[in-house]
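**Student:** Sequence:
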Amino acid sequence: MAEAADGLEAVEAARRLQPDVVLMDIRMPGVDGLEATRRLGAGKTPTRVLILTTFGLTEYVYEALRAGASGFLLKDSPAEELLAGVRIVARGDALLDPSITRSVIEEFSRKPRRDEDLGQKLEELTTRELEVLQLLARGLSNAEIAAELVVSDGTVKTHVARVLQKLGLRDRVQAVIFAYESGLVEVGAPPKT
1 MAEAADGLEA
11 VEAARRLQPD
21 VVLMDIRMPG
31 VDGLEATRRL
41 GAGKTPTRVL
51 ILTTFGLTEY
61 VYEALRAGAS
71 GFLLKDSPAE
81 ELLAGVRIVA
91 RGDALLDPSI
101 TRSVIEEFSR
111 KPRRDEDLGQ
121 KLEELTTREL
131 EVLQLLARGL
141 SNAEIAAELV
151 VSDGTVKTHV
161 ARVLQKLGLR
171 DRVQAVIFAY
181 ESGLVEVGAP
191 PKT
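Using this note's numbering, the first residue of the sequence shown is number 1, and each one after it goes up by one.
Derived from the structure by calculation, the hints contain no laboratory data.
Treat the numbers as computed from the prediction; the structure is a model and nothing was measured.
Any given hint could turn out to be false.
Said to hold, decoys possible - The calculated lysine to any residue pairs, modelled on SDA-like cross-linking and capped at a C-alpha distance of 25 angstroms, are:
1) K44 - D76
2) K75 - E123
3) K44 - E63
4) K166 - D93
5) K44 - A147
6) K166 - A147
7) K166 - L122
8) K166 - Q120
9) K121 - V86
10) K157 - L169
11) K75 - D6
12) K75 - A161
13) K75 - Y62
14) K166 - K75
15) K44 - R162
16) K157 - K75
17) K166 - I88
18) K121 - L169
19) K44 - A79
20) K121 - K75
21) K44 - A146
22) K44 - D25
23) K121 - A2
24) K166 - L184
25) K44 - V86
26) K157 - A147
27) K44 - L23
28) K75 - V86
29) K121 - I88
Claimed, not checked - If you anchor each label on the Cβ, the simulated ranges turn out as follows:
30) M1 - K75: 14 to 24 angstroms
31) E124 - K44: 14 to 24 angstroms
32) D20 - K75: 15 to 25 angstroms
33) T54 - R128: 20 to 30 angstroms
Each residue gets a CB set at the ideal place from its N, CA and C atoms; glycine is no exception.
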């Protein structure tokens, strides 16, 4: 366990100690939490970042997710939620506080992105993997995806793992961002069937 006074110190400590999870504040002196998260992601460390934020800073959520954060919780979350959040992110899942989800969707709406290079990467996916990615982007759990596609949970886990591997993504959060930025899914558009 370690503590850092600023973003640069946090990045250096994470690289040195390689923790499973870093709790990152967005507002820090020097290198802020967004840049620190970006640097950790660029360093290809196994460390996952859980951002703690105040409700007033939700405009940073989208950029932090793009930078590689695996989850968000509000700073005033109860201690048991914080501990559960750390465990969720540590096991490789993504976490987004429900009160923040709306602001992320609104941010997607304000900053529509369609990156043609990302769109070309979609060609590496099978038809079933594209379906799974679309359902991930709609926020469905593995069990919900399995029910929708009439397959087992294990099959869904395999497809999710292949999507992440083929697209070079760390987790489900990055897969959702990829789905929107590539144009596979659009905010407010009905699901493709």
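**Student:** For this structure, which hints from the list above don't hold up?
**Tutor:** 1, 2, 5, 9, 12, 14, 16, 19, 20, 21, 23, 29 and 33
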